[in-house]
Structures are given as structure tokens and as C-alpha cells.
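Participant: Sequence:
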Amino acid sequence: MLLGLAGALPALAACGFSPVYGPGGQAAGLRGQIFAADPEDRNAFVFVARLEDRLGRPASAPYLLDYRIRTNRQGLGITPDRATTRYNLLGRVSYTLTDRATDAVVARGKVESFTGYSATGSIVGTLSATEDAAERLMTILADQLVTELIATAPDWRR
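Take the sequence shown: its position 16, counted from the start at 1, is 16 in UniProt numbering, and no numbers get skipped.
It cannot be assumed that every hint is accurate.
[Unchecked claim] Just the calculated beta-carbon pair ranges, DEER-fashion: (1) D132 x R92: 16 to 24 Å; (2) G121 x E52: 31 to 39 Å; (3) L64 x A151: 27 to 35 Å; (4) P80 x D53: 40 to 48 Å.
Think of the hints as simulated: they come from the structure by calculation, not from any bench. Being a predicted model, the structure only gives us computed values, none of them experimental. For every residue, glycine included, the Cβ atom is placed at its ideal position computed from N, Cα and C.
Could you build the full structure based on these sequences and the hints that come with them?
Facilitator: Here it is in C-alpha cells:
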């Protein structure tokens, strides 16, 4: 198996492949370059914290990321007495990336995902599960957005 992978490396290099997280890769060039708009609620705080974990927290950056977070809860598991015991939490982040020097929008799009949680047990347990699901969802959405920004960076980065 390792020999097969080792044999594939020259072919990857020949086709122009370069690791995105390697030295000089696209991800390294984005570190500290994007300032996310200030969070206004708990979901946004978790979302921005994860973005900053991945992209760095800039003092001043050439790009401004505006975002809008939407979540929706769907009941899934329903007991015979009509109590919902399982939920999906759906999330969408619409974003706009603006070049701060020119005020030009350089990228825009959306990322979507979901996570689930159980609502069985105590009220405190359900509240904790709800908050945990929201935090997981914001982390997933932030990771998806970072992946999208890294993949599209050659198109918009100066």
C-alpha cells in the first residue's frame, strides 16, 4: 500500500498538485488575511471563533467577511403519544467576502449542513444537547466555509 502511494507522488507532482496546507500552499496565504464581522449572538460567536482558529485572528486584514447564519430545527423521532425525541438542526451561512481597499465583493456563496440531538431525559439534559448541537453545527459550517475560501482563493486573492 505504501509503495503504491509512494509511486503516485511523482505523478501528482507532474500534474501540478501541491498540498494546500503545505509551505507556500493556498491555506498559508490566507492566515490573518480575513476579518470576520463581529458576532452578534452565541451561534455567531462560535462560528467566528472557529474561523479565527483556522484562519488566524487579524489585527487588520485586507478582506472583510460578512455572514448571515440561519438555523432551523426539525423534529424527527416522535413517540406514539406525539412527543418529539429527536431533532435535526439545519444550518446555512450565506457570506460575502469584500476587498477592504476597493470595497469590491470578491467572493460570495453559502454553506449548509446539519446535526442532530436527542430530547429524551430532563429539561436540563435536553437544553445541554440543544446547545451542543448548535455548537457542533457552527463548527461544521465554519470548517466548510474555510475549505471553500481556500479552494477559491486563487480566483480572488490579490
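Participant: Hint by hint, note whether the structure agrees.
Facilitator: Structure-based check of each hint:
no.: 1; hint: D132 x R92: 16 to 24 Å; verdict: 20 Å, holds
no.: 2; hint: G121 x E52: 31 to 39 Å; verdict: 34 Å, holds
no.: 3; hint: L64 x A151: 27 to 35 Å; verdict: 20 Å, violated
no.: 4; hint: P80 x D53: 40 to 48 Å; verdict: 44 Å, holds
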